[in-house]
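Fit chain B to the given chain A structure using the hints.
2 protein chains.
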Amino acid sequence: MDAGLMASGLSGTERTRHRRLREQGRTDRAALFAVLRAGFVCHLGVVVDGAPMVVPTVYGFDDSFLYFHGSVASRSLAGGRTVCVTVTHVDGLVLARSVFEHGVNYRSAMVYGLPRALSGEAKVEGLRVLTEHAAPGQWDYARRPSRKELAATVIFALSLDEASVKVAEGPPADGDGPDASLGLWAGVVPLEVVSRPPVPDPALPDGLPVPAHIAALFPPGAGREPM
Amino acid sequence: MDAGLMASGLSGTERTRHRRLREQGRTDRAALFAVLRAGFVCHLGVVVDGAPMVVPTVYGFDDSFLYFHGSVASRSLAGGRTVCVTVTHVDGLVLARSVFEHGVNYRSAMVYGLPRALSGEAKVEGLRVLTEHAAPGQWDYARRPSRKELAATVIFALSLDEASVKVAEGPPADGDGPDASLGLWAGVVPLEVVSRPPVPDPALPDGLPVPAHIAALFPPGAGREPM
Chain A
1 MDAGLMASGL
11 SGTERTRHRR
21 LREQGRTDRA
31 ALFAVLRAGF
41 VCHLGVVVDG
51 APMVVPTVYG
61 FDDSFLYFHG
71 SVASRSLAGG
81 RTVCVTVTHV
91 DGLVLARSVF
101 EHGVNYRSAM
111 VYGLPRALSG
121 EAKVEGLRVL
131 TEHAAPGQWD
141 YARRPSRKEL
151 AATVIFALSL
161 DEASVKVAEG
171 PPADGDGPDA
181 SLGLWAGVVP
191 LEVVSRPPVP
201 DPALPDGLPV
211 PAHIAALFPP
221 GAGREPM
Chain B
1 MDAGLMASGL
11 SGTERTRHRR
21 LREQGRTDRA
31 ALFAVLRAGF
41 VCHLGVVVDG
51 APMVVPTVYG
61 FDDSFLYFHG
71 SVASRSLAGG
81 RTVCVTVTHV
91 DGLVLARSVF
101 EHGVNYRSAM
111 VYGLPRALSG
121 EAKVEGLRVL
131 TEHAAPGQWD
141 YARRPSRKEL
151 AATVIFALSL
161 DEASVKVAEG
171 PPADGDGPDA
181 SLGLWAGVVP
191 LEVVSRPPVP
201 DPALPDGLPV
211 PAHIAALFPP
221 GAGREPM
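Chains as they are written, first to last, in the UniProt record's numbering: chain A, 1 to 227; chain B, 1 to 227.
In isolation and in its complexed conformation, chain A is listed as follows (with noise of 0.2 Å):
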C-alpha cells in the first residue's frame, strides 16, 4: 500500500516531514492483529454496478484470515470480487496552532482481497471466529445456530496476505515551526470507546444476574474500543 493513500484528517495532501513522523505505515504482522483485535465493526467496500459501496459490518478474525457477514456481500460477491476491509479506531483530535496542521490520530487496518463464502464446517468455525472475537464466551453461552439459521447465514472468509496499516500518534507537528511563536495552545483531545453497565432485556424475568462472562469482558471504563 502507499502510505500517502490514505486521507488522514484535517491536514491537506501535502506530507511535510512532521506528517510522515506523525503518520507512519507498518507491515508487520502484530501492528495488524493489534487493529483488528481493538474492534469489531470493520467498513467492507464493494463495488455494485461499477460503484463502491461502504457497509458497516462485524468482524473477526484468526492468524489468516479475516471473517465477516455479508447480506450485502452474498449478493454483490457470489461472482468473486475484490473487497476492501477497513477497521479504523479514532484515538484524539489533533489541535495545532494552525488549521492546515489539525488532525486526527487514529490506528487503521486495510484488507484487500477476494473473499470466499464459507461452507460446511468451516462455515460454522467463521461464524464461531467471528462470535467470539465480538462477543467472547457467548459461542459457549449461547443457543447455537441451527441448521436453517446456517443456511440463512452467509460468512465470507478474507485473507490477511495483503493488508495494511496505518498509524497517527502524538501531537501537532506545528510544535517546533515558525507557528509556535503565535501563543496559541495546542495538543490533542484523547477520544476513547467505553462500554456502559449491559442493559438487560426488557423481556428477560426479574432477577436473572448478567453471566459472568459478560459483565467481566464489558468493565465500564476499561476502554475497550469497538471502533
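The set of hints was computed from the structure by calculation and includes no laboratory data.
On a predicted model such as this, the values are computed, not experimentally measured, just so you know.
Treat the hints with care, since some could be wrong.
Any copy will do: because identical chains look the same in the list, a pair fits if it lies in one copy or spans two.
Calculated pairs, DMTMM-like style, for lysine to aspartate or glutamate (alpha carbon to alpha carbon, straight line, at most 25 Å) [stated by the list, open to error]: (1) Lys123 with Asp179; (2) Lys148 with Asp179; (3) Lys123 with Asp206; (4) Lys123 with Asp140; (5) Lys148 with Asp176.
Below, chain B without anything else, positioned relative to chain A:
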C-alpha cells in the same frame, strides 16, 4: 437504498419480523443530519482500477453538501467518479439468547454521489465548514491557511441528495420467541465514545491554559460521539 443492503451484525441474511423492527431505514433529512452531526470521521469508498478502496477521512457538512478531504480522492477522483461515504456510530453490542440473533445497535448514513473538487472561495468555505464541524471554534482561534497551504489542500463537496440512514436499536429480537424459555441472559452492552481531558503539546510553554472553547467542547464523559 434497499433496507436490506446493510450487513448488520452477527445475525445472518434472513430478515425476521423482529429484525425489521430492530433495524429501520430512515429517509428524513433530520435523521441524516443527526447521524452526520454525531461524528467527524467517515469511511470514503472509491473505485481504483476496478477495485474498491475504503479510507477513513474527516468530514463536515452543511444543509446541502458533505465536505471531505482528499489525498486519496485527489488522485482517484480526478475524472469525476461516484463515491460512497459512510458514517457509522456503534451504539451497543446486542447479546441475544441465540447466536443467530446477536447483533449491533448502530446509526449509519450512506451518501452517494459525484464529488466536486472545490476552488477559490468555495474551497475556503468548505475547509471552514469541515474544520468547524470537527473542531468547533478552531477556525477563529488557529492560524488560517496560507495561500500555499490552501493550494496543497484538496476539499471535495458531495451533494447530500442521495443519502440513506439506517438505525438499529433496542433489545435482542428473541425475547418473545421459543428461545425466551432457555433461561439465558440477554441484553445490550451500550458503547459510547468519550473524550478525555485535552493533552497539551509538550512543546507548549508552561502554564498556557486550555482555551475555553476547547475545554467547553470536550467535557469528559459528555458523550460527544466522533464515530
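Hints versus structure:
For the homomeric pair Lys123 and Asp179, the shortest alpha-carbon distance between copies (23 Å) is at most 25 Å, but the shortest distance inside one copy (56 Å) is not. When the C-alpha separation of Lys148 and Asp179 is checked against a cutoff of 25 Å, the pair qualifies only between copies, where the shortest distance is 15 Å, while the shortest distance within a copy is 64 Å. Proximity of Lys123 and Asp206 under a CA criterion of 25 Å is satisfied in neither setting, with 36 Å inside one chain copy and 58 Å between copies. For a Cα distance limit of 25 Å, the shortest separation of Lys123 from Asp140 inside one copy, 17 Å, qualifies, whereas the shortest one across copies, 54 Å, does not.
When the C-alpha separation of Lys148 and Asp176 is checked against a cutoff of 25 Å, the pair qualifies only between copies, where the shortest distance is 19 Å, while the shortest distance within a copy is 63 Å.
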